[in-house]
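Given the coordinates of chain A, work out where chain B should sit on it, guided by the hints.
Each chain, letter by letter, is given below.
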Amino acid sequence: GNSVTQMEGPVTLSEEAFLTINCTYTATGYPSLFWYVQYPGEGLQLLLKATKADDKGSNKGFEATYRKETTSFHLEKGSVQVSDSAVYFCALEGTYKYIFGTGTRLKVLA
Amino acid sequence: GAVVSQHPSWVICKSGTSVKIECRSLDFQATTMFWYRQFPKQSLMLMATSNEGSKATYEQGVEKDKFLINHASLTLSTLTVTSAHPEDSSFYICSGTSALGGTDTQYFGPGTRLTVL
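Chains A and B, in that order, give the protein sequences.
When the letters of the first sequence are read in order and numbered with the working numbering, they come out as residues 1 to 110.
When the letters of the second sequence are read in order and numbered with the working numbering, they come out as residues 111 to 227.
Just chain A, same shape as in the assembly (with noise of 0.2 Å):
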């Protein structure tokens, strides 16, 4: 079946580092997959997505790109800031529903 593998966090960094949160997912054909961002007491915000391979999806400095080969979609940032300090969830679409990882709780430090 279909399913969404995030790394475990929490990742703490400094503000302005690099930022990488990978995700890899199994699926049968080739779903969209979406980045989900959630700040605290906050519902899912729609942060980027991308609905076939090699495509890239951006958004507020965040990128993924959609590796069939590897069939992943890691999420990068070149500088994060404090106000990046959030919970990222990794999804895809299924049949009719979404498919989420566990989420990836990020914590910059000023």
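Worth flagging that the hints you see were computed from the coordinates, not collected in a lab.
Remember, predicted model here, so these are calculated numbers, not experimental data.
Just so you know, not all the hints are guaranteed correct.
[As the list claims (entries may be wrong)] What follows is a list of derived Cβ distance ranges for each label pair:
(1) A:Lys-52 <-> B:His-195: 41 to 47 Å
(2) A:Gly-41 <-> B:Glu-169: 22 to 28 Å
(3) A:Gly-61 <-> B:Glu-173: 40 to 46 Å
(4) B:Pro-196 <-> A:Gly-29: 39 to 45 Å
(5) A:Pro-40 <-> B:Cys-123: 21 to 27 Å
(6) A:Lys-56 <-> B:Val-113: 23 to 29 Å
(7) A:Lys-68 <-> B:Asp-137: 31 to 37 Å
(8) A:Ala-53 <-> B:Thr-141: 25 to 31 Å
(9) B:Val-113 <-> A:Ser-58: 19 to 25 Å
(10) B:His-117 <-> A:Lys-68: 40 to 46 Å
(11) A:Thr-70 <-> B:Thr-141: 31 to 37 Å
(12) A:Ser-58 <-> B:Lys-174: 38 to 44 Å
(13) B:Leu-178 <-> A:Leu-109: 40 to 46 Å
All C-beta atoms in this analysis are idealised placements derived from N, C-alpha and C, irrespective of residue type, glycine included.
Leaving out everything else, chain B in the frame of chain A:
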């Protein structure tokens, strides 16, 4: 982007009472809405999928008589937790799919925190 609201944002109730949570799509028609439950520091667990005008489809292990879902219109879905107990305390999140996204992108509400005493 598409906006989904939830009401209330938080609720505290006594054990044995029922609680209704509303989920509204404010600027799009959500033909399908989803209800999730999130435990502290954990991922989202899909509870059920509802299509407007039809009965909800519940995930395995979710009691449909306890978590009543109604999707009466293209902009409103409700989740009623019946005879709530402390173990039902959780963060409940809804989402809707929009044709605006081009694919079946889900837009999430801000969540409702339920505390059962």
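Status of the hints after comparison with the structure:
1. A:Lys-52 <-> B:His-195: 41 to 47 Å: With a Cβ separation near 45 Å, A:Lys-52 and B:His-195 satisfy 41 to 47 Å, so the hint holds.
2. A:Gly-41 <-> B:Glu-169: 22 to 28 Å: At 25 Å between Cβs, range holds.
3. A:Gly-61 <-> B:Glu-173: 40 to 46 Å: holds, 43 Å
4. B:Pro-196 <-> A:Gly-29: 39 to 45 Å: Holds: the Cβ-Cβ distance is about 41 Å, inside 39 to 45 Å.
5. A:Pro-40 <-> B:Cys-123: 21 to 27 Å: Because 23 Å falls inside the window, the suggested range holds.
6. A:Lys-56 <-> B:Val-113: 23 to 29 Å: This hint holds: roughly 26 Å between Cβ atoms.
7. A:Lys-68 <-> B:Asp-137: 31 to 37 Å: holds, 34 Å
8. A:Ala-53 <-> B:Thr-141: 25 to 31 Å: holds, 28 Å
9. B:Val-113 <-> A:Ser-58: 19 to 25 Å: About 22 Å separates the Cβ atoms of B:Val-113 and A:Ser-58, which means 19 to 25 Å holds.
10. B:His-117 <-> A:Lys-68: 40 to 46 Å: Hint holds: Cβ distance 41 Å, inside 40 to 46 Å.
11. A:Thr-70 <-> B:Thr-141: 31 to 37 Å: For A:Thr-70 and B:Thr-141 the Cβ distance comes to about 34 Å; the hint holds.
12. A:Ser-58 <-> B:Lys-174: 38 to 44 Å: Since A:Ser-58 and B:Lys-174 have Cβ atoms about 40 Å apart, the given range 38 to 44 Å holds.
13. B:Leu-178 <-> A:Leu-109: 40 to 46 Å: holds, 45 Å
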